[in-house]
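Student: Residue numbers (my numbering), protein chains in the order written: chain A, 1 to 789; chain B, 790 to 953.
Note that these hints are calculated values from the structure, not bench results.
All of these numbers come straight from a predicted model, not from anything done at the bench.
By construction, the Cβ of each residue, glycine as well, lies at the ideal position given by its N, Cα and C atoms.
Take the hints with a grain of salt, since some may be wrong.
To be verified - Distance condition first, Cα-Cα at most 20 Å in a straight line; then the derived PhoX-like pairs of lysine-lysine: (1) K796/B with K874/B; (2) K781/A with K450/A; (3) K941/B with K712/A; (4) K672/A with K941/B; (5) K276/A with K184/A.
Said to hold, decoys possible - Output of the computed footprint for chain A on chain B, the stretches with three or more beta carbons under 8 Å from beta carbons of chain A: (6) 842 to 856; (7) 908 to 922; (8) 929 to 935.
Below are the chains, spelled out letter by letter.
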Amino acid sequence: MADTKVIGADVRQKDGNPRVTGEAKYYGDFQFRGMLEARILRSPHPAADIVDIDVSAAEAMEGVHLVMTHENFPKAFRKTVYYVGDLVAAVIAVDDTVAEEAMAAIKVEYKTKPFVMDLEEAIKPDSPQVFEGEANCHDWEHHAFLSDRDPETGLYKTKTPAEYNGFGDIEKGFAEADVIVEQKGFRYALCKSPAMEPRGCTARYDGVKLHVHTHSQGLHDEKYCLAEALGIGSDKVNLVSPFTGSSFGGKNATVLDPNLPSHYLLIASLACLHLKRPVHCAYSREEEMLCGWSRGSLNDVKIGFKKDGTMTSMDFQHWQEVGASGDKYPAKNAMLATGAVLYSRNCKHLRGQIRYVYTNRYTAVGWQGYGAPEGIFPVEITMDMAAEKLGMDPIELRKMNCMRAGDIDAGWDPLSYGSAIISSSGIHECLDVGAEHLDWKNTWQHPSEKTGRIRHGIGVAIFAMGAGRPGPGNSSEAMVKIFPDGSAALVCAVADIGQGQHTVQCQIVAEVLGIPYDRVGLVCADTDSTPFATLVSNSCGTWLQGWATYEAALDAKNQLLRLASEKLGVAPQALSVGEKGVYVTAEPDKGVTVKEAFGPIGHYGGRHEIIGSYVNDSPHPNCLRNGNKDELYIPKEKGAQFISLDVDTETGMVENVRVTMVQNVGRALHPKIVEGQLLTARHGVEHAVLGCECVSDKRNGWLLVPNFVDYKPCTTMDCSVEPFVLEIPGDPTHPFGATACGEGAACPSLAAFSNAIYNAIGVRLTETPFTPARILSGLGKIKSRKGGK
Amino acid sequence: MQEKDIKRIRLNVNGETHELTVESHLVLSSVLRNRLGLTGAKEACGEGACGACTVLIDGVAKPSCMVLAVEQEGKEIETIEGLSKNGELHPIQEAWLEEYGAQCGFCSPGMIMSTKGLLLKTPDPSEEEIKEALGGNICICSNYEHIINAVKSAARKMKEQSNG
Ligand code: FES
Ligand code: FES
């Protein structure tokens with residue numbers, strides 16, 4: 001790796017100061033003269049038709065400016081409700097108190113309908129239909145797999161999707177197996193990514209344009225969707241989002257589907273345009289908990305192995321709960337993250353049937369890992385079961401089968417490109433580092449050898465997931481300006497949702513231009529002033545936006561070199577940029593300042609600024625193997641997670657949880673930021689043993705955990721995480737060798753937990769969360785109720 | 790509509806006195822944010838469960854969403870805005886930046902005020918004491934290791950400052 005000055009250094013967070021002084025403005029901190037408050041009336045029924053809605057009393061109240069229902073605003077409200085918390089009406093009033101009083105005065109007559117609250121129930125053919133005339137369970141229609149794989153090169157010869165959901169011939173693969181492991185009924189509970197900042201926005205109109213202040217993962221995407229939903233030109237909408245209070249994928253509001261929890265944008269915008277007054281629409285914590293759940297899924301897995309541990313075949317059946325129509329992509333991702341990517345090296349025969357399932361529960365959204373944890377959970381537990389059956393060390397079995405750099409990604413959805421080559425792996429190294437840290441060889445004991453009330457266990461799981469791809473819908477753009485005093489500014493819209501993207505992008509600019517990091521300013525606040533940026537999902541910001549930023553900076557630098565070359569009479573190729581200006585590379589004393597290169601400014605000629613730019617909308621040449629468009633390098637997030645814990649066999653409590661999170665990031669552009677990303681492995685504790693689960697009352701659909709007390713995220717007291725960042729050079733897909741780092745930490749946790757609990761007490765838990773009741777019933781100490789709870 | 794119960798109060802915030810007429814049911818966080826424009830303290834739960842709105846009241850860290858504004862007469866309230874003086878960051882804020890304690894930053898004002906509350910009482914806290922003092926402040930970015938390091942480093946910095 002070439003020497004770098006800024007890349008790899010723990011520079012100060014670009015927008016760190018305002019974050020620690022309280023000056024950072026999140027959408028809820030903006031106040032505008034004459035601002036009104038919007039409050040949403042939500043359904044108390046999981047399924048009902050609105051027969052009558054009488055808003056006259058509410059409308060007549062002093063301080064109420066507007067009451068919105070399906071009658072006057074059919075774009076935002078429907079006549080049918082599909083879950084508890086679904087939209088019924090909105091009140092726009094002078095303040096919260098008035099709005100709430102007015103809401104209480106709205107009379108709604110409902111005709112309730114049968115509903116279904118459970119994934120397994122919803123799959124049954126005779127269960128109530130969430131959407132009338134439409135089945136609850138749907139096959140994923142987008143074929144994710146290619147057919148016609150060349151056995152020699154591994155590449156796919158045609159771009160036609162496979163005829164069935166998979167590749168090879170699973171029956172042939174199972175026939176070749178010496179050992180087959182099968183487990184049905186893995187259940188990943190519905191749970192929540194509870195961002196600290198609840199959803200919301202403030203819309204204001206300036207007489208020409210609608211400005212919407214909100215949080216965001218992808219401002220430009222949201223702008224286009226909002227403009228379309230409102231039926232106005234994109235030029236009439238400006239989205240503003242200087243700071244976002246964590247997100248993890250759940251605040252991705254690009255799809256203004258009436259079923260997705262981004263209604264606040266539509267309600268505030270419509271009301272604002274109607275009233276010509278600023279409108280603030282913020283969800284309370286309870287409302288926030290009522291929308292945007294994820295992870296609920298059901299799985300059956302069957303894997304065949306040769307005696308030596310080589311995988312021969314995999315059958316993966318997956319049902320993903322999407323609630324009353326939510327984001328369906330996690331279903332697909334669940335599949336791709338598992339056999340298709342993680343074990344694509346040896347798994348030549350694979351069937352992956354994926355379905356999404358409607359229930360009358362809150363809508364599903366994307367969330368850290370975007371489906372991958374749901375897939376990795378059952379597969380990585382099955383791998384553990386297989387290791388035991390084969391008499392192999394679980395680490396060795398994984399090493400034998402998991403992907404390596406250069407493997408073909410069997411789960412690649414080709415779009416306009418051909419086969420995808422895994423650009424780097426490092427899973428083997430990650431396993432070694434974690435094993436050494438925990439002294440795996442000496443500590444690992446078969447559960448049958450353990451005695452005593454408190455039993456210690458260790459477990460492991462690996463992960464890999466896609467991290468963005470170039471091409472349609474995933475492009476990114478950047479502009480880099482150089483000013484006469486030698487400072488620079490990056491103009492881009494990449495969202496910083498706590499993952500440090502602003503800092504990293506500015507590091508890239510400083511590095512390319514050869515100037516100090518604190519001389520790079522950032523313009524990132526709204527869609528009016530910035531070029532398009534990719535949605536930061538899929539952990540692709542550093543990679544996709546990184547290329548755009550890098551190339552834009554290079555473009556600006558080359559323009560500066562050309563200006564200096566005229567002044568110095570030396571070819572641009574012989575020049576370099578440094579802190580003091582542009583100098584002759586071979587004679588560092590000979591040079592000009594940036595100001596001199598610009599020449600006289602203003603009326604006397606010369607320039608005021610240089611603008612470099614780049615649009616990253618097709619695979620960068622570095623991402624092509626042998627320059628071939630059909631052989632695309634694709635970066636992955638990948639690594640291993642180890643869990644060490646104690647189980648109290650009397651109480652069923654899991655204690656002393658330690659998470660060892662190891663990830664190969666290629667190059668850590670900012671080690672502290674990367675470490676911060678790995679620390680989110682702690683989320684696994686919430687969903688494994690703290691009992692965080694979307695529990696709702698089956699009788700009436702009410703959410704029983706609508707707050708931070710009943711749904712308690714991890715605190716400082718709950719566990720410790722030890723992050724190990726591996727930098728294995730050689731990934732060609734990023735200008736500085738970085739790969740992705742973000743969502744991976746969440747992917748393997750639940751499997752690693754289950755494996756560690758098994759290792760401690762010999763009980764195989766396949767339903768989350770791993771509550772004391774489930775553990776005790778596994779130990780035979782209490783009788784299990786339905787579902788093992 | 791019910792008659793509003795409105796009171797006149799004097800609030801002492803960050804050393805400044807504010808004369809206000811507020812509705813009696815309003816919590817301190819709401820008055821700080823909406824009336825005084827001090828939006829540093831965040832509201833993430835509004836029910837005392839997350840610590841985002843933490844301020845110091847007579848030197849003790851408290852969730853400002855859980856106390857009524859009208860009951861704060863005569864007390865000294867300090868918010869995150871009162872921490873840095875003349876553009877100079879407080880040592881706790883410095884430590885936060887060094888240790889990368891703020892990711893999205895939404896929990897940071899509350900965390901920083903809880904830290905100040907702890908260090909006023911216990912200038913040299915053990916790791917356990919830090920975890921306990923910050924146990925009511927949720928960080929979804931799950932940045933606790935960095936945060937705990939920041940508290941330790943802040944304690945050192947403040948000690949140096951008071952010695953020097
Ligand atoms: S907002 Fe006050 S404790 Fe959560
Ligand atoms: S830094 Fe994001 S919630 Fe703590």
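Student: Would you check the hint for K781/A and K450/A, treating anything up to 20 Å between C-alpha atoms as holding?
Tutor: holds, 17 Å
Student: Does K941/B pair with K712/A here, judged by a C-alpha cut-off of 20 Å?
Tutor: violated, 26 Å
Student: How about the stretch 908 to 922 of chain B: do at least three of its residues have a C-beta closer than 8 Å to a C-beta of chain A?
Tutor: Satisfied; 3 residues make the cut.
Student: Is it true that the CA of K672/A sits at most 20 Å from the CA of K941/B?
Tutor: Holds, at about 17 Å.
Student: Measure nothing beyond the straight line between the CA atoms of K796/B and K874/B; if it is 20 Å or shorter, mark the hint as holding.
Tutor: Outside the cut-off at roughly 32 Å; violated.
Student: With a C-beta cutoff of 8 Å, work out whether three or more residues of the stretch 929 to 935 of chain B approach chain A closely enough for the coverage to hold.
Tutor: It holds, with 7 qualifying residues against the three required.
Student: How does the coverage statement for the stretch 842 to 856 of chain B fare against chain A, requiring three or more residues with Cβ below 8 Å from a Cβ of that chain?
Tutor: That given contact is violated, which follows from only 0 residues of the stretch 842 to 856 of chain B lying within Cβ reach (below 8 Å) of chain A.
Student: Given the hint that K276/A pairs with K184/A, test it: the Cα-Cα distance must not exceed 20 Å.
Tutor: Given pair K276/A, K184/A is violated - Cα atoms ~57 Å apart, limit 20 Å.
Checked against the numbered hints above, the structure breaks hints 1, 3, 5 and 6 and satisfies the rest.
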